[in-house]
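The sequence shown: position 69 = 69 (the UniProt record's numbering), numbered continuously.
Honestly, the hints are just simulated from the structure, not real lab data.
Be a bit skeptical, because a hint or two may be false.
List of simulated lysine to aspartate or glutamate pairs, EDC-like, C-alpha gap at most 20 Å [unchecked claim]:
id, residue 1, residue 2
1, K4, D58
2, K3, D23
3, K4, E73
4, K4, D23
5, K39, E55
6, K104, D76
7, K104, D58
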Amino acid sequence: MSKKTVIIGATPNPSRYAYFAADRLSNAGHEFVPVGIKKGEVFGEEIQDIRKSPEVKDVDTITLYLGARHQPEYYDYLLSLNPKRIIFNPGTENPELSKMAQEKGIETENACTLVMLGSGIY
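Produce the entire structure from the sequences given, and follow the hints as far as they go.
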């Protein structure tokens, strides 16, 4: 079953983990929406500018590739997407945002999206 995923920190740079995540999500049949500050596209999807708080409906998962120190200005936006879960990839762990999400009934995981996809537990 496809899980619509918003990639926060998306980039067209093929050496970055967020780029790998877009590739693996696409190959696994999951719809993804790349959101970040970089311009360009990833696997046919235009990167949406996070500073403009792009509207995304029916979000299953947010996967974070944005360091914790850069997250506070986007807390309201991330929570407004009302995802079922937020995955904090290595280096993005944030107890404050995790607690805020859990208080809204959003599942949080400190995990690696790439590993989850590779092992079939996404």
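Checklist entry - If you check each hint against the structure, which ones fail? => result 3
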